[in-house]
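Participant: The listed protein sequences correspond, in order, to chains R and E.
Read in order, the letters of the first sequence correspond to residues 1 to 312 in this note's numbering.
Read in order, the letters of the second sequence correspond to residues 1 to 368 in this note's numbering.
Accuracy of the hints is not assured; some may be wrong.
[What the hints assert, rightly or not] Computed spacing ranges between beta-carbons, pair by pair:
(1) SER88(R) with ASP315(E): 39 to 45 angstroms
(2) TRP29(R) with PRO281(E): 35 to 41 angstroms
(3) LEU238(E) with VAL108(R): 45 to 51 angstroms
(4) ARG258(E) with TYR302(R): 41 to 47 angstroms
(5) GLU259(E) with ARG215(R): 43 to 49 angstroms
(6) VAL305(R) with PRO281(E): 24 to 30 angstroms
(7) PHE176(R) with ALA41(E): 40 to 46 angstroms
(8) ARG158(R) with ARG19(E): 45 to 51 angstroms
(9) TRP66(R) with ILE197(E): 50 to 56 angstroms
(10) ASN84(R) with ASN225(E): 19 to 25 angstroms
(11) PHE25(R) with ASP199(E): 16 to 22 angstroms
Quick caveat, the hints were computed from the structure, so don't treat them as lab data.
All values derive from a computational prediction rather than experimental measurement.
Using N, Cα and C, we set each Cβ at its ideal position, and we do this for glycine too.
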Amino acid sequence: MFAYIARRLWQMIPTLLGVVLLVFFLFTWVGGDPAYLLAGKISNPEQIENIRRQLGVDQPIYVQLWIFITQIATGDFGVSWSTNEQVSDIFATRLGPSLTVLVPLLLVSTLLAIAAAMLVAYLRGSLTDRMVMIGCTVGQSISILVYIIVFQYLLAYRLGWFPVQGWGKGFTENLFTYSLLPIIVGVLVSLAPDTRLYRTFFLDEINQDYVRTARAKGMSETRVIWVHVMRNASIPIITNVMIQLPGLLVGAFLIERFFSIPGIGREVLLAVERSDFPVIKAVTIYVAIATMITNLLADLLYKAVDPRVQLK
Amino acid sequence: MSIASHAESPGLWVLAWRRFRHDRVGLVSYYIVLLFVALVAASWTGLIASDWEKEVGVSHAPPTFLGPGAVASHIEPAAAPQSLHSDESAESNVIDPLAEVLAEIRGGKPIGAADTGIVDPLADVLAEIRGQSGSASATETQAATLLLGGDKWGRDVLKKVIKGTETSMFVGLAAAALAALLGTVFGAMAGYYGRWIDDLFNWFYSVFTSIPYLLLILSIAAVLNQKGTITVILILGLTGWTGIFRLVRAEYMKHKVREYVQAADAIGASHMRRIFVHILPNVSHVVLVQLSLHVVLFIKSEVVLSFLGFGVGVDTVSWGSMLNEAQTELLIGNWWQLAAATAAMAVMVTAFGLLTDALRDALDPKLK
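Generate coordinates for the entire structure from the input sequences, incorporating the hints supplied.
Facilitator: Here is the structure:
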């Protein structure tokens with residue numbers, strides 16, 4: 001087990017190096033000299049000169065790459081070009097709001113999708129199954145933007161059940177006042193694709209021989225479904241949820257933007273709008289690292305759930 | 001296929017078409033997609049909706065079935081967040097009093113350029129535009145209602161939807177074609193040659209997939225810092241090849257040891273010939289299904305990108321930019337642009353998705 005983890009971590013190094021090179025190439029060669037980019041945004045020429053010196057724009061390319069690698073290793077990406085805030089501070093303060101919305105969102109949507117998928121898989125071929133599947137296909141085809149716009153307008157703006165947008169101070173206030181509508185919209189958006197996907201996972205298991213055996217020896221239907229089928233179908237579901245995790249942090253940017261939640265996703269959008277390269281670079285690198293680590297964790301969890309899985 | 005004198009066994013595509021013909025849902029969605037393609041072609045060649053930028057109706061003209069009075073009652077001037085044109089709201093049912101101001105605003109920048117003494121290359125075009133808008137406000141009265149309503153400037157929403165469909169579908173198809181090309185070539189190389197070439201492309205793959213898709217797109221958009229249809233196509237195509245690569249690579253690994261490839265080797269076919277002439281037709285159904293899956297994915301991404309303002313340029317209309325306008329219009333009760341863009345996109349994406357499912361069933365009957 002330990003040897004496996006060590007090997008996997010070792011294998012991450014070339015990938016990480018690739019990500020670093022990709023980001024470096026993008027922002028140094030394609031992005032160009034920050035002086036041109038910032039000319040209209042920062043009026044103080046000394047500040048631009050500082051940024052150029054910090055990046056080593058006048059230095060040879062390998063020196064610039066080395067500066068970038070030390071930045072990643074020390075976690076010190078300097079200050080944001082537009083707000084002068086430390087990049088590390090930006091992350092520290094934005095992570096909390098993001099998680100306040102995302103953790104309940106992920107829990108609720110996964111549980112609901114599992115329940116719905118199990119129901120339609122159990123009733124496969126029936127009218128309910130077909131109606132739910134058609135509903136999912138149509139629901140999936142509507143842009144996430146429309147869900148957010150319409151729900152924000154109807155439930156918050158028109159009916160006034162929720163605040164239109166905003167963010168408070170305390171955790172309970174945030175969770176139960178400001179996060180509720182974003183969570184509801186997020187659950188609705190992810191429910192359709194998740195239900196469709198999990199349904200296929202359940203269908204794969206429900207036709208297996210062991211299910212027939214379990215029924216043949218007189219087990220209750222509840223036990224067959226909730227213990228036997230569930231345990232086996234949970235393996236791909238776990239992988240699916242784990243793989244979604246890092247992307248979700250950024251992927252929720254639309255929700256964060258519409259509801260003015262000061263999270264990571266909104267910060268990324270703002271940074272893209274302002275050409276705030278240090279923030280984007282830092283997010284890209286760290287989210288890539290997080291992705292690799294969660295992939296490893298997913299494989300380990302896979303092993304924990306299914307003892308037949310051989311890690312090699 | 002022509003009926004040969006000897007019994008010729010039907011090929012993959014003939015069999016697939018036979019299966020496909022019996023799939024009623026697939027067939028209907030196929031015709032809907034064809035309809036959309038025809039619409040895009042007509043709009044692209046300028047047969048329809050070429051004058052979508054013309055302000056044919058009054059500002060915020062309601063759809064015809066609502067009648068002309070539908071707008072004024074809804075408008076709460078304080079709620080209109082777009083300050084630039086919010087002052088035109090109350091009088092919107094009268095002949096547009098701001099038509100001249102508008103013409104001036106639109107002509108504003110080039111006039112400024114002419115004042116500096118530089119010869120304005122667009123002067124003629126400008127005169128023409130001003131002449132048109134002048135005559136429009138003088139002779140034709142702007143319609144009080146339009147079939148599907150109008151937007152803030154009184155442009156016909158129906159024409160905008162058609163034009164937006166053209167943009168979004170073009171981006172989706174072109175980006176999917178680019179991604180499929182890259183994914184197929186990379187996958188073919190990696191799967192066929194194996195060894196260090198495989199390692200190299202796998203390394204590429206793991207680098208691209210370890211950055212979440214949307215984050216990668218946004219970073220590239222930030223770096224390029226320019227909008228435009230071609231930019232969006234490049235961004236989506238250059239980042240979206242990974243899924244296709246994985247599948248094509250697996251297919252090539254499976255096929256390269258088969259007997260027909262060995263036979264091709266025996267008669268002296270070159271590597272390139274074996275890859276692209278012998279194996280490619282046998283894996284092309286995988287590519288086709290992936291291609292149509294990616295069209296839907298890219299259309300959705302384009303809509304989000306354009307909505308956020310990182311997508312198509314300001315002079316192009318897409319479903320995303322329509323949704324962006326519709327967001328502020330909804331606050332003053334004008335729901336038709338939102339409904340039109342949403343409906344067009346939902347029908348198109350659903351039809352394409354069902355078509356993809358039908359294609360997969362028809363091409364790969366072993367798969368459930």
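Participant: Hint by hint, say whether it matches the structure.
Facilitator: Verification of the supplied hints:
1. A hinted range of 39 to 45 angstroms holds for the C-beta pair SER88(R) and ASP315(E), which are about 41 angstroms apart.
2. At roughly 39 angstroms, the beta-carbon separation of TRP29(R) and PRO281(E) lies within the given 35 to 41 angstroms, and the hint holds.
3. A hinted range of 45 to 51 angstroms for the beta carbons of LEU238(E) and VAL108(R) is inconsistent with their spacing of about 36 angstroms.
4. Against the hinted window of 41 to 47 angstroms, the Cβ-Cβ separation of ARG258(E) and TYR302(R) comes to about 32 angstroms, which falls outside the hint.
5. As the Cβ distance of GLU259(E) to ARG215(R) is approximately 44 angstroms, the hint placing it in 43 to 49 angstroms holds.
6. For the hinted restraint 24 to 30 angstroms between VAL305(R) and PRO281(E), the CB-CB distance of approximately 41 angstroms leaves it violated.
7. Against the hinted window of 40 to 46 angstroms, the Cβ-Cβ separation of PHE176(R) and ALA41(E) comes to about 52 angstroms, which falls outside the hint.
8. At roughly 49 angstroms, the beta carbons of ARG158(R) and ARG19(E) sit within the given window of 45 to 51 angstroms.
9. For the hinted restraint 50 to 56 angstroms between TRP66(R) and ILE197(E), the CB-CB distance of approximately 30 angstroms leaves it violated.
10. The hint said 19 to 25 angstroms for the Cβ distance between ASN84(R) and ASN225(E), and at roughly 21 angstroms that hint holds.
11. Evaluation of the 16 to 22 angstroms hint for PHE25(R) and ASP199(E) yields a pass: the beta carbon distance comes to about 20 angstroms.
When held up to the earlier numbered hints, the structure conflicts with 3, 4, 6, 7, 9 and fits the remainder.
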